[in-house]
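Novice: Each chain, written out:
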Amino acid sequence: MDILGQLLVSGIAVGGVYALIALGFVIIYKATSIINFATGEFMMIGAYLLYTFMVMTGLPAIPAFLLVMAGAALLGMLVERAILRHMLGQPTISIVMVTIGLSSILMGLAELIWSTGFKNFPPLFPRAPIIVGDIIIRSNLFWGFVIAMAAVIVFALIFKYAKVGVAMRATADDQMAAFSMGINVRNIFTLAWSLGAIAAALGGVIIGNIGGIQPTLGHIGLTIFPVVILGGLDSIGGAVIGGFIVGIVENVAGGYLDPIVGGGVKAIAPFVVLVLILLFRPYGLFGKEDIERL
Amino acid sequence: MRVGDFKESYAADEAVFRTSTARFWLGVFLVALAVFPFVAGDYLLYMANLTGVAIVAAVGLNILTGAAGQISLGHAAFVGIGAYTSAILVTRLGLPFLLCLPLSGLAAAFFGVIVGAPSMRMKGLYLCIATLAAQVIFEFIFVHWVPVTGGIRGINVPAATVFGLQLDTEFKFYFVTIPIVILVVTAARNLFRTRVGRAFIAIRDRDISAELMGINLFQYKLYAFATSSFFAGVAGCLNVFLLKVVTPEHFPLHESVRYLAMIIVGGLGSVLGSIFGAIFMTMVPEALQSLLNLFQGLDPAVMEYLFPLQTVIFGLLIVVFLVFEPQGLAEIWRRVKDYFRLWPFEH
Numbered sequence: 000m001d002i003l004g005q006l007l008v009s010g011i012a013v014g015g016v017y018a019l020i021a022l023g024f025v026i027i028y029k030a031t032s033i034i035n036f037a038t039g040e041f042m043m044i045g046a047y048l049l050y051t052f053m054v055m056t057g058l059p060a061i062p063a064f065l066l067v068m069a070g071a072a073l074l075g076m077l078v079e080r081a082i083l084r085h086m087l088g089q090p091t092i093s094i095v096m097v098t099i100g101l102s103s104i105l106m107g108l109a110e111l112i113w114s115t116g117f118k119n120f121p122p123l124f125p126r127a128p129i130i131v132g133d134i135i136i137r138s139n140l141f142w143g144f145v146i147a148m149a150a151v152i153v154f155a156l157i158f159k160y161a162k163v164g165v166a167m168r169a170t171a172d173d174q175m176a177a178f179s180m181g182i183n184v185r186n187i188f189t190l191a192w193s194l195g196a197i198a199a200a201l202g203g204v205i206i207g208n209i210g211g212i213q214p215t216l217g218h219i220g221l222t223i224f225p226v227v228i229l230g231g232l233d234s235i236g237g238a239v240i241g242g243f244i245v246g247i248v249e250n251v252a253g254g255y256l257d258p259i260v261g262g263g264v265k266a267i268a269p270f271v272v273l274v275l276i277l278l279f280r281p282y283g284l285f286g287k288e289d290i291e292r293l
Numbered sequence: 000m001r002v003g004d005f006k007e008s009y010a011a012d013e014a015v016f017r018t019s020t021a022r023f024w025l026g027v028f029l030v031a032l033a034v035f036p037f038v039a040g041d042y043l044l045y046m047a048n049l050t051g052v053a054i055v056a057a058v059g060l061n062i063l064t065g066a067a068g069q070i071s072l073g074h075a076a077f078v079g080i081g082a083y084t085s086a087i088l089v090t091r092l093g094l095p096f097l098l099c100l101p102l103s104g105l106a107a108a109f110f111g112v113i114v115g116a117p118s119m120r121m122k123g124l125y126l127c128i129a130t131l132a133a134q135v136i137f138e139f140i141f142v143h144w145v146p147v148t149g150g151i152r153g154i155n156v157p158a159a160t161v162f163g164l165q166l167d168t169e170f171k172f173y174f175v176t177i178p179i180v181i182l183v184v185t186a187a188r189n190l191f192r193t194r195v196g197r198a199f200i201a202i203r204d205r206d207i208s209a210e211l212m213g214i215n216l217f218q219y220k221l222y223a224f225a226t227s228s229f230f231a232g233v234a235g236c237l238n239v240f241l242l243k244v245v246t247p248e249h250f251p252l253h254e255s256v257r258y259l260a261m262i263i264v265g266g267l268g269s270v271l272g273s274i275f276g277a278i279f280m281t282m283v284p285e286a287l288q289s290l291l292n293l294f295q296g297l298d299p300a301v302m303e304y305l306f307p308l309q310t311v312i313f314g315l316l317i318v319v320f321l322v323f324e325p326q327g328l329a330e331i332w333r334r335v336k337d338y339f340r341l342w343p344f345e346h
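Chains W and E are the protein sequences, given in the same order. Mapping of the first sequence onto numbering that gives the first Met the number 0: position 184 corresponds to residue 183, and the numbering continues sequentially without gaps. Mapping of the second sequence onto numbering that gives the first Met the number 0: position 57 corresponds to residue 56, and the numbering continues sequentially without gaps.
No wet-lab data here; the hints were simulated from the structure. There could be a bad hint or two in this list.
As the list claims (entries may be wrong) - Some but not every residue of chain E turned toward chain W, in silico, with C-beta under 10 angstroms:
1) 120
2) 134
3) 145
4) 146
Even for Gly, the Cβ is constructed at its ideal location relative to N, Cα and C.
Isolated chain W (complex conformation) (with noise of 0.2 angstroms):
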């Protein structure tokens, strides 16, 4: 029992900072239609901003966090101008590679910049852990589950009420009739694509204080589509219990059965789970069915 506690709670906790990142990937989905398969990258390059800002220029965390979120914002927006926008109307495929080679892009240009040693971030948290019962919780997983879910908060309030929420939401629904009510589709594409990469970028740099940085650390982002695919694409409260699921199954899983068949299947676990749902609900838990008409 005690080691059942122990996983479920490291599963909820890493469960919220994926839930945080599959946030952001299904707010560009349900703008654009976009699935990105470089949030991974996104994650990487945010860690490394935060690494340089504080490390090789010595900000201290606060700005140097705010600086983080501009930096990956405008990566977003540039990445939405420059590529994706041309990409619009294309096959699946297309849009598919299209995101997978600029994954490829951005993970060399960080070997290229920041060379693939490892790196981490200095201290940012009390390090004596969280004790609750006879839970312990490492302190960087506890605060990097209470960042996360503070940022799935916020984004939900600004997706509930702020105005450009509103629009984001109505452009979601039907572009048509955004257009007509004077939203500007264009700068919503360009605001979906800066709003994912914040939340990647934030997810990232919870990751990469967690088990440090290097260019490989992209290859977390691979788990992200069982959580999505899991909500459903287009669901946002669908990826927030997605990324539960998945943490939870993750650790339990690997706890149980990694000394049985020598390890990784924390990696395959949620994998091996996605193909079970997707075969009852093709689309996801909570994904939109697609009606179509000829």
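Could you slot chain E onto chain W? The hints should help.
Specialist: Relative to chain W, chain E alone:
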């Protein structure tokens, strides 16, 4: 300039190579292929073999993704299944190479049908992620099912033997690779002239319309998965006997992406495009390496940039082709050909 392109029978109109000029140059090309190994060195022959394997795999993927429109992020896994099948067959059962070749294709096709089965209910991005799941799961099996796959160390394979002749050099292996490539390319090119191939294209263009025209979507999607992974399996078998070893490192997700990049750069849905793409994507990293070698005299540290630069250029190629030349190299080839065909009266 060639004037007059008259056909007197339907057969002439439907021929793969419609003009005597095309047939002439094809003949020249085949002769060049046959002469090549006698003039080229071992390194060039090795590259040619590697490219041949890539062409077989890329043609397979182009049937599934380019023609039938089902995006697969798991193609490398099927190449892997073919590779492991032939490695196991040859080391445990001692089967001859020529028997391993179709058997590894069939094994890959079997798993291709299993992975393709969800396409009954899913399509587009959801299916794409399902094939990603297949890639991740198969990779895990390659690494962790140690008694069968040999784990990370993989399986060592003896040189292939054909009719008592050991194919232990690049030179000898070349004479196996090239005929297989020609066979595969011919098969694929003719596939698109049959009912099955045309059905694939109809499904890609609009699946619902295809269904209304009497194409059983599920059945034909499974055909597409099966043919595509059959070719992948054959490529895997060639790969094993070329490298004499099989390890999980040969079939990561990145490799699947590389196959996709080949058909994008070459031209989606075009057999010629798959060939161009496979050649191009195999040669570019080598060209980059030789380019950096030139600069090594100035700064010995320059080779450190090789891998990051390769990654960047790989991504750039994909993006640039998609944005500026979505039809790929095959389209550029067609324009160049047209230019010379009409020269000097372009208009």
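Novice: It remains to establish, for every hint, whether it holds in the given structure.
Specialist: Now for the hints, and whether the structure bears them out:
Given the 10 angstroms rule on beta carbons, the hint for residue 120 (chain E) holds: about 4 angstroms separates it from the nearest Cβ of chain W. With its C-beta approaching chain W no nearer than about 9 angstroms, residue 134 (chain E) sits inside the 10 angstroms limit, and its interface hint holds. Interface hint at residue 145 (chain E): satisfied, since its Cβ lies 8 angstroms from the closest Cβ of chain W, which is below the 10 angstroms cut-off. Look at residue 146 (chain E): its Cβ only gets to about 12 angstroms from chain W, farther than 10 angstroms, so that hint breaks.
Hint 4 from the list above is the single one not met by this structure.
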